[in-house]
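**Student:** With the hints as constraints, model all of the structure from the sequences given.
So the chains spell out like this:
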Amino acid sequence: MQVTMTVNGDEVTRDVEPRMLLVHFIRDELGLTGTHWGCDTSNCGTCTLWVDGEAVKSCTVLAAMAGGRDVHTVEGVAQNGELDAVQQGFLEEHGLQCGFCTPGMIMTAKWLLERDPDPDEGTIREAISGNLCRCTGYENIVRAVRWAAEHPAGADEEVSA
Amino acid sequence: MQVPDVFEYERASSVDDAIALLEKHGDEARLIAGGHSLLPMMKLRLAVPEVLIDINDLEGLDHIRIDGDEIAIGAMVRHAALLESALLAEHYPIFADAERVIADPLVRNRGTIGGSFCQGDPAEDLASVGTALRGSAVIRSSAGERTVPIREFHQGPYETAVGDAEMLVELRFPIRTHIGSAYAKVERRVGDWAVAAAGAFVQLDGDQIADVGIGLTAVGADGFTCPEAEDLLRGGPATPERFADAAQLCHDLCAPVTDQRGPEDYKRHLARELTRRVLHRATARARGEES
Amino acid sequence: MTTTEVPTSAEGNPIGFGRMHRKEDARFLRGQGTYVDDVTLPGMLHGAILRSPFAHARIVNIDTSAAEAHPRVRAVITGETLEGLGLAWMPTLSQDTQSVLATDKVRFQGAEVAFVVADDRYAARDALELIDVDYEPLDAVVDAKKALDPDAPVIRDDLEGREDNKIYDWEAGDAEHCAEVFDQADVVVTQEMLYPRVHPAPMETCGSVASMDPVSGKLTIWTTTQAPHAHRTLYALVAGLPEHKIQVISPDIGGGFGNKVGIYPGYVCSIVGSIVTGKPVKWMEDRAENLMSTSFARDYHMTGSIAATKDGTIQGLKVDVLADHGAFNGVAQPTKFPAGFFHIFTGSYDYDAAHCNVRAVYTNKAPGGVAYACSFRVTEAVYLVERMVDCLADELGMDPAELRMKNLLRPEQFPYTTPTGWEYDSGDYPRALKEAMRLAGYDELRAEQAERRRAFEAGETNQLMGIGLSFFTEGVGAGPRKHMDILGLGMADGCELRIHPTGKAVIRLSVQSQGQGHETTFAQIVAQELGIPPEDIDVVHGDTDNTPFGLGTYGSRSTPVSGAAAAVVSRRVKDKSRIIAAAALECSPDDLEWEHGRWFVKGDPDNGKTIQEIAFASHGNLELPEGVEGHLDATAVYDPPELTYPFGAYICVTDVDAGTGEVKVRRFIAVDDCGPRINPMIVEGQIHGGLADGVGMALMEVIAFDPEGNNLGGSFMDYLLPTSMECPSWETGETVTPSPHHPLGVKGVGESATVGSPAAVVNAVLDALQIRSADMPLTPAVVWRAMQGSPLRNDLAIE
Ligand SMILES: Cc1cc2nc3c(=O)[nH]c(=O)nc-3n(C[C@H](O)[C@H](O)[C@H](O)COP(=O)(O)OP(=O)(O)OC[C@H]3O[C@@H](n4cnc5c(N)ncnc54)[C@H](O)[C@@H]3O)c2cc1C
Ligand code: FES
Ligand code: FES
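Chains as they are written, first to last, in numbering that gives the first Met the number 0: chain L, 0 to 160; chain H, 0 to 290; chain X, 0 to 798.
Just so you know, the hints here were simulated from the structure itself, not pulled from any lab data. These numbers come from a predicted model, not from an experiment. Each residue gets a CB set at the ideal place from its N, CA and C atoms; glycine is no exception. Certain hints may be false.
Said to hold, decoys possible - Just so you have them, the derived chain L footprint on chain H, three or more residues with Cβ under 8 Å:
no.: 1; stretch: 1-8
no.: 2; stretch: 25-35
no.: 3; stretch: 51-59
no.: 4; stretch: 104-110
To be verified - If you only want the chain L side, here are some residues facing chain H, beta carbon under 10 Å, derived:
no.: 5; residue: Met0
no.: 6; residue: Thr40
no.: 7; residue: Val50
no.: 8; residue: Gly103
no.: 9; residue: Ile127
**Tutor:** Structure follows, in structure tokens:
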């Protein structure tokens with residue numbers, strides 16, 4: 000079947016099987032391999048991206064269901080090659096090691112900050128509780144999100160500060 | 000990653016359209032709402048529907064509002080909206096208590112109340128919330144609408160009152176005064192399904208319990224509840240001793256099964272311990288002693 | 000070696016040791032990493048493995064005809080196909096054999112039976128359902144304690160003359176002397192405990208893309224490996240392919256933790272698939288396959304005994320271990336040590352005597368036992384001793400901190416030789432424990448606990464509080480060639496450094512990062528030694544065609560071994576740069592003095608050459624002394640003289656709900672001593688991750704089996720990893736005791752926290768409950784049952 004959706008602002012159309020999962024559509028059809036996958040049971044969150052502004056697990060959405068919707072992936076986060084505040088926060092605070100959970104974490108963190116620009120530690124921990132990380136022990140991810148909250152303009156702000 | 004078997008995909012444009020599609024494709028067709036119960040089962044090939052009917056475009060199913068003397072919740076309301084609803088927080092904090100411990104924020108962005116009820120999983124948290132509150136389910140078919148008490152909705156594991164060409168459109172909960180409600184769950188880890196959980200509302204008339212509802216999840220309680228415990232409490236004083244007696248009945252009358260979440264005796268113990276706790280908290284909330 | 004005086008580069012990075020952003024992050028943050036599943040080649044096909052639903056069964060027949068008839072299927076490979084190629088069995092890392100695709104029997108649930116190659120992932124999976132296998136189920140050995148029963152089914156009847164399930168019986172220490180010490184001791188405490196089967200479960204599963212070029216005969220394999228060179232050599236040995244025609248590329252790796260050390264049947268199948276079809280073949284396992292078939296960790300049933308005087312002077316420790324190795328002995332460890340470094344179990348204390356006996360058995364479970372950040376089983380060893388010390392404290396009614404302080408090795412005892420023969424390099428243990436107690440506010444915590452107990456006993460609360468300690472010593476950096484090899488490959492690491500004419504550099508490592516930050520740390524080592532800014536140094540790793548030989552990253556060995564190699568190679572370049580600088584400055588090398596990044600003439604500081612100027616001169620027409628070649632580069636192979644011994648003191652504070660058995664880790668204080676920290680930010684990150692591992696193992700992670708041998712931990716719904724909610728905000732501290740024999744003094748840190756933390760969490764929970772023993776994972780049910788005095792057996796299905 001034909002599926003058309005907007006991905007990072009561009010309209011894309013592909014002919015796919017109805018059963019194709021959104022994560023495979025994004026990775027295999029569009030080659031946007033920043034969105035990862037790590038489980039069969041919707042538990043890990045490495046596949047997190049946005050559909051119509053909500054952070055969701057793209058392994059548990061059919062590409063067909065995303066038809067006509069607005070999808071954002073990690074590849075669309077940096078603007079003109081510049082890291083955004085959340086990405087910069089992960090860099091500053093060492094919020095990543097192997098980097099495998101990182102795109103999902105970034106998409107969840109951005110979703111949180113859109114709704115709550117100044118979350119406390121507990122709120123951040125709660126928000127990322129569906130994103131597993133095997134490397135960092137989460138501490139620096141929490142700090143990274145706090146960094147982003149404190150520097151909404153990202154690295155630019157640091158320069159001007 | 001494990002992937003589903005082949006199926007056809009249809010996107011419904013209205014409730015009537017969804018029902019017409021269900022009728023057209025027969026019993027191998029399934030509605031897909033949030034997909035967060037169905038797709039995981041399809042990936043493991045535990046569910047192999049031939050046709051999926053996507054109901055995410057349907058309008059008029061995402062409300063949480065007062066309708067007469069009831070609160071009406073559309074079937075497509077997502078867990079996240081239930082968690083954040085000020086209306087529910089005012090009338091029934093049990094919803095937020097439960098939602099806070101259902102899955103994780105990402106799952107809650109997709110999963111729906113309708114899907115939760117229709118999945119009929121014995122460990123579903125909202126099932127015992129609805130049971131405790133003695134709500135009702137509005138089911139639509141081409142023949143029209145019917146209303147089923149939630150206590151008759153679940154007819155066994157993964158079996159509900161929703162027939163083949165029917166759709167759950169709304170859940171309704173009576174508004175009560177002088178009440179408190181609460182939910183408590185033990186899980187092995189955040190985001191895990193319940194080892195056991197209990198929910199309750201308590202309606203006070205002075206120090207007497209005017210009415211009470213108890214819901215029990217994942218402990219094999221018939222109909223997700225324990226009417227004997229409710230009967231014991233109703234019309235008597237709200238005292239710790241009587242809460243303990245009612246909780247003991249939940250312990251004695253439930254029928255949990257041993258699995259890797261815990262042995263039968265432990266789950267029974269939790270049925271008692273958690274029932275006792277939610278009765279206390281619901282009562283404290285009814286008295287305005289706790290938020 | 001101080002980190003304070005390091006100058007900074009134009010980009011603000013330390014030219015040497017110190018905190019700096021990671022170089023590799025630029026791509027990961029943008030979603031531009033390249034993990035194995037991101038590799039796509041023209042014409043690439045997809046493989047999937049059919050696995051056994053039975054734990055033990057004879058294969059009667061396999062019918063692949065329906066799968067072969069599937070329009071999108073290109074090949075179906077079975078054990079029979081492989082037998083024809085001599086590939087049905089492969090050697091394991093412990094001199095055993097393992098079936099690639101089963102020919103005679105399946106020996107664990109999830110065992111590999113057939114491999115399908117299809118046009119796409121979905122079709123490959125569909126085709127698995129079309130393969131019809133006729134099994135004759137056999138009784139399974141599930142309980143390791145029954146594996147040696149006379150009537151136990153023999154699992155490895157493929158091995159000549161096999162009549163039981165015993166793999167080995169191994170001991171260390173002096174049994175006789177130990178018995179004497181125990182006979183004379185005032186107090187002896189004996190305790191059984193299980194370190195259950197867990198899984199490394201990196202977020203990226205295992206997989207490979209194999210591409211055999213039919214014309215050149217060259218095989219390129221992109222694969223999830225922590226040890227690309229070892230894999231290449233093994234492929235050469237297994238498949239008989241010439242080693243120079245194999246290129247193993249380990250691209251970005253989504254976490255390893257030991258899971259990606261071994262060679263799995265899927266890798267071999269992808270290679271065979273590519274040979275058979277003439278196309279590149281990708282195989283990525285799903286999570287169920289990862290958890291059910293790739294290497295687990297631990298699975299040690301231990302009975303420890305500790306002997307002491309009445310006043311708490313520890314005199315002896317002994318332990319009997321029953322090790323469950325699964326259906327094939329696939330453990331990775333140096334050949335000499337079948338139980339890895341388990342005999343370091345005496346830990347951080349002084350003893351008269353110690354003895355251990357390890358008996359390993361086959362069971363109908365997945366093979367492996369490679370790791371999970373275990374430092375070759377130091378994890379099990381530390382857990383044993385740190386639990387035993389708490390049991391002794393309980394017996395003596397002594398505070399566990401006081402008991403530890405009394406028995407810790409003293410600084411003046413180093414280098415210290417343990418009763419089982421390890422030579423600890425350096426340490427100041429009491430200092431680390433005091434620092435942890437200071438950070439924790441130990442006395443206040445004990446006071447708070449006493450008050451909580453009182454309130455609990457008065458019925459005012461159902462929340463108990465516990466404080467748990469653990470003190471660990473690890474031996475890492477395997478290892479000296481004289482003692483250690485894996486399958487005959489010595490454990491020395493090569494390294495190459497080349498300075499380009501413009502003074503930029505490339506360093507090639509034999510080790511491979513799975514998230515540890517090699518691209519940054521190794522640049523910092525070169526920066527520290529040569530004064531070249533880290534951003535000017537490219538770190539190449541993970542590609543056998545472009546890096547020197549070495550055994551890879553696991554066992555916390557990268558910095559202890561390859562880090563030393565990087566320092567040595569840098570010093571060689573520095574030595575050469577001195578000669579070249581002398582030629583340029585027309586003086587003798589002896590007249591030159593080094594300041595960071597520059598040689599200058601002694602007494603004439605303005606008269607000098609920077610390393611960049613020297614690099615250019617080395618490539619130019621400067622006349623060099625007799626015998627000195629141009630260019631500025633060097634190679635080295637570092638053979639560590641000894642292991643390094645990082646250590647640390649951990650304190651965990653838990654709250655336990657006595658009504659439900661729920662445990663909450665409130666605080667975790669970790670004081671680590673890994674010598675000097677090259678990039679303290681990265682080191683701290685390594686520790687954080689390991690602490691989370693400890694919480695996971697202590698509270699939720701386990702792979703149990705039901706009586707039929709069904710794996711009960713085969714998905715992330717059943718095998719629980721800790722989330723952000725179970726982890727507290729880690730509190731870290733440090734002491735610094737350099738290793739005397741490592742060129743940089745560093746000791747390694749990758750696994751320290753995983754090794755050290757589980758015992759602290761368990762000790763804290765038991766301290767809250769005032770119970771002497773309960774086995775991990777301390778789930779609510781396990782805790783509640785322990786409180787009832789009817790503990791569960793965590794390796795089997797809950798009954
Ligand atoms: C990782 C994870 C953890 C979870 N943890 C929990 C937990 O702790 N507690 C808990 O309670 N739940 C949990 N869930 C389940 C989650 O709440 C699901 O979202 C929910 O149960 C189903 O909602 P859905 O909208 O996704 O339903 P779907 O998956 O879309 O549908 C489920 C079933 O209901 C049917 N259906 C859906 N809507 C209708 C309708 N309007 N009328 C008729 N039939 C309908 C479908 O045909 C299907 O059979 C978890 C899920 C995941 C993935
Ligand atoms: S892949 Fe694990 S949640 Fe989507
Ligand atoms: S950084 Fe490796 S999984 Fe999170």
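**Student:** Hint by hint, note whether the structure agrees.
**Tutor:** Here's how the hints hold up against the structure:
Coverage of a stretch by a chain is defined here by at least three residues with a beta carbon nearer than 8 Å to that chain's beta carbons; for the stretch 1-8 of chain H and chain L the count is 8, and the condition holds. Under a criterion of three residues with beta carbons nearer than 8 Å to beta carbons of chain L, the stated coverage of the stretch 25-35 of chain H is upheld, 3 such residues being counted. Counting residues of the stretch 51-59 of chain H whose beta carbon lies closer than 8 Å to any beta carbon of chain L gives 3, which meets the minimum of three for the stated coverage. Under the rule that three or more residues need a Cβ within less than 8 Å of chain L, the assignment of the stretch 104-110 of chain H holds, with 5 such residues.
A least Cβ separation of about 6 Å between L/Met0 and chain H falls short of the 10 Å threshold, and the interface hint therefore holds. Satisfaction of the interface hint for L/Thr40 is found here, the shortest Cβ-Cβ separation to chain H being roughly 6 Å, below the 10 Å cut-off. At a threshold of 10 Å, the smallest CB-CB gap from L/Val50 to chain H is about 9 Å, leaving the interface hint in force. With its C-beta approaching chain H no nearer than about 9 Å, L/Gly103 sits inside the 10 Å limit, and its interface hint holds.
Look at L/Ile127: its Cβ gets to within about 8 Å of chain H, closer than 10 Å, so that hint holds up.
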